[in-house]
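**Student:** So the chains spell out like this:
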Amino acid sequence: MDINLMMEITPLLMKAAWITIDISARALFFGFFIASALVALRTSRHVPIRWLARAYISVVRGTPYFVQLLLVFYGGPALGLRLDPFTCGVVVGAFNIGAYMSEAIRGAIESVDSGQNEASRSLGFGRLATLQHIILPQSAGLMIRSIGVLAIILVKNSSLVSIISVVELTYQAQRLIGSTYKPLEVFTLSALMYIVIIYAVMGIVEFLYRRATRYTYL
Amino acid sequence: MEFDFSPVITYFPTLIKGIGATLLIGVVVALLSILGGQIVAVISLYTRKAVNWPLRFLIWLFMTTPLLLQLYFLYFGLGQWVLIPAIAVGVLGLGFHYMAYNADIFIATIKSVSNGQYEASRSLGFGHLATIFYIILPQAFYRAIPQLGNNMIIMVKDISVLSAIGIAELVYLSQYAISVTFRPFEFYITIAAIYYLINILMETGQSWVERRAAARK
Amino acid sequence: MTTATKDTPMVELKGVKKRFGDLEVLKGIDLKVERGKIISIIGPSGSGKSTLLRSINYLEVIDEGSILLDGVQVNRPDLKGLAFERHINHIRQNMGMVFQHFNLFPHLSTLDNVTLAPRKLKGMSAGSARELGMELLERVGLADKASVYPSSLSGGQKQRVAIARALAMRPKVMLFDEATSALDPELVEEVNLVMKRLAEEHMTMLIVTHEMAFARDVSDWAMFMDDGVVVEQSTPDRLFTNPDQERTRNFLRKHLESQAVAHAHF
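For the protein sequence lines, the chains are A, B and C, in the order given. If you're matching positions, the first sequence starts at 0 in numbering that gives the first Met the number 0 and goes up one per residue. If you're matching positions, the second sequence starts at 0 in numbering that gives the first Met the number 0 and goes up one per residue. If you're matching positions, the third sequence starts at 0 in numbering that gives the first Met the number 0 and goes up one per residue.
None of these hints come from the bench; they were simulated from the model. All values derive from a computational prediction rather than experimental measurement. Backbone N, C-alpha and C fix where the C-beta goes; we use that ideal spot for every residue, glycine too. A portion of the hints provided could be inaccurate.
[To be verified] Computed footprint of chain C on chain B; a stretch qualifies when at least three of its residues, placed anywhere within it, have a C-beta under 8 Å from a C-beta of chain C: (1) 120-134; (2) 204-216.
[To be verified] Under the rule of at most 20 Å between Cα atoms (straight-line distance), these lysine to aspartate or glutamate pairs were calculated in the EDC-like manner: (3) Lys-5(C) with Glu-200(C); (4) Lys-195(C) with Asp-219(C); (5) Lys-13(C) with Glu-33(C); (6) Lys-216(B) with Asp-111(C); (7) Lys-26(C) with Asp-62(C); (8) Lys-121(C) with Glu-84(C); (9) Lys-216(B) with Glu-118(B); (10) Lys-119(C) with Glu-118(B); (11) Lys-156(B) with Glu-102(A).
Only chain A is shown next, with the shape it has when bound in the complex (with noise of 0.2 Å):
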């Protein structure tokens, strides 16, 4: 192993793998708004809006992220939509990671007792209270894991904007392996980065978990 090396190109990776943490925290953040949205639409009056819905989640879970990114990056132009790499890479991770989480939150949803949402109407509460003061605090904890789980898919899917020329860490890894000629340096570096993201991540998510069913210890 080169020591010397690696303490060189440790900046040029550094910087790197914050597009990748940029990149999978925007895709994250408006990916959330996209899956509410969807879990939202899926229980319409309307049968042609719940069908709408299900039908895009269900192309966008059964078709390739990366073939998603080649069609709106290289396809997107014919529409009329020229995106740069960077936006690109936020806008089809937070639609393909949004089909996803709706899943996610539906499911965490569904996990509490129907006795519960009996029981909060029975006193009266609306659809939306019930949903705001008694199901969603019960389902926090569980929705927060999974998400935390498509999270961790996000940042390592992200490697694959290094495609359409996002200088993010695989982009950069995959460049210097080829200028230096040390594989297994850069490899190390990059990959150790990614390990730190990742459960950077994984600390966070048990962090809000902690928090969000702390009733449940209280």
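With chain A's structure known, arrange chains B and C on it following the hints.
**Tutor:** Coordinates of chains B and C only, in the frame set by chain A:
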């Protein structure tokens, strides 16, 4: 905004080739990762630490870093020391990646088989290895089927990533057609449709297999 | 098995001791089971009776003493690693063990549960294994269930298949470890019936049980164990009606009372 799918039709034989390559890679990687996953799981559960710790480390490493980074490392890294064709790098890279995920599942399902099963088999006169092979592993396999199915469905979608290291599967061959026809939207939407079809077929197959395996739990 | 004669005991234990950490669960057990005899072992839970049975099958490794099956030593401190493994696998093929929780193999059909061991361990052909398996399932009254998986059987049916599975290796002795304890009361009788039929065929049997009436009815010899020792042994008539030891009497009386209470609930 005008769409013209005629180039897609012109190049459809190329796409068919790509589908064939994608499916072939999928079958090979599925076999490799499921068989290998079982072997890795057995070794990491039933051997001494000096043997199973490096293996567990590798499982963990494959699961915490992105596939594409692993592929680049194998492609450019291994290429430096040994001459292996890109297709081998792709199949092995994808194979190892999902071997780790499958091994992780098998480790959990092997642990979930009760000790009574082990004792019953030993009391009949089966040895340690014969018990693992005839009694423990088959049960662990049936229990793993739902998660294995999910992994393999995700894996097939990841075959598209192999185009990044120049493997002539569906996406790569289409990129060639796109470079000649300048119709990226039409081609990529077609690829997405093909993948969606494969996905639906796999999910149907998965629920059929799960129903058949349910009796043996 | 060259040393065995007609008079060699089928199972013999000499000074068997077994510890779990600091706890001594078998405190030097001596036992002789003549061929064709049926021995019942009773005693409170934690008395060591299950451990004793499991030690004979060597599912528990004993600390001291020796165990012989038909004149052949089961525990062999002189054998290590693979050599011992080969030895114990061979020994176990001559013993049939029936567990409290059946431990049927859920991934195999009822018939395959019975035929797996003869096929893989004795190299029996698929055809003759099938014949043997069907014959044994017939004997336990489950020939019609040959192709179903264990998950669709009742507890009593599972245990009868487990007995057939153990019999398929043509064992010299059958070990029953509380074979009916996990069953609903109404399913106990069908398993007892199968065991009784085995007794009539002069199978050598060691039965650890809570079913006092059954033990008395079926066995040639009865033992009462408590706290890792054999407190008393005699003919079943004597042990169950007029035991010598105070501890035996106490156990039987308490057991009878708990049975009466249990039945009062029905």
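**Student:** Take the hints in turn and mark each one as holding or not.
**Tutor:** Cross-check of the supplied hints:
{"no.": "1", "hint": "120-134", "verdict": "holds (count 11)"}
{"no.": "2", "hint": "204-216", "verdict": "holds (count 3)"}
{"no.": "3", "hint": "Lys-5(C) with Glu-200(C)", "verdict": "holds (17 Å)"}
{"no.": "4", "hint": "Lys-195(C) with Asp-219(C)", "verdict": "holds (12 Å)"}
{"no.": "5", "hint": "Lys-13(C) with Glu-33(C)", "verdict": "holds (15 Å)"}
{"no.": "6", "hint": "Lys-216(B) with Asp-111(C)", "verdict": "holds (15 Å)"}
{"no.": "7", "hint": "Lys-26(C) with Asp-62(C)", "verdict": "holds (10 Å)"}
{"no.": "8", "hint": "Lys-121(C) with Glu-84(C)", "verdict": "holds (17 Å)"}
{"no.": "9", "hint": "Lys-216(B) with Glu-118(B)", "verdict": "holds (18 Å)"}
{"no.": "10", "hint": "Lys-119(C) with Glu-118(B)", "verdict": "holds (17 Å)"}
{"no.": "11", "hint": "Lys-156(B) with Glu-102(A)", "verdict": "holds (19 Å)"}
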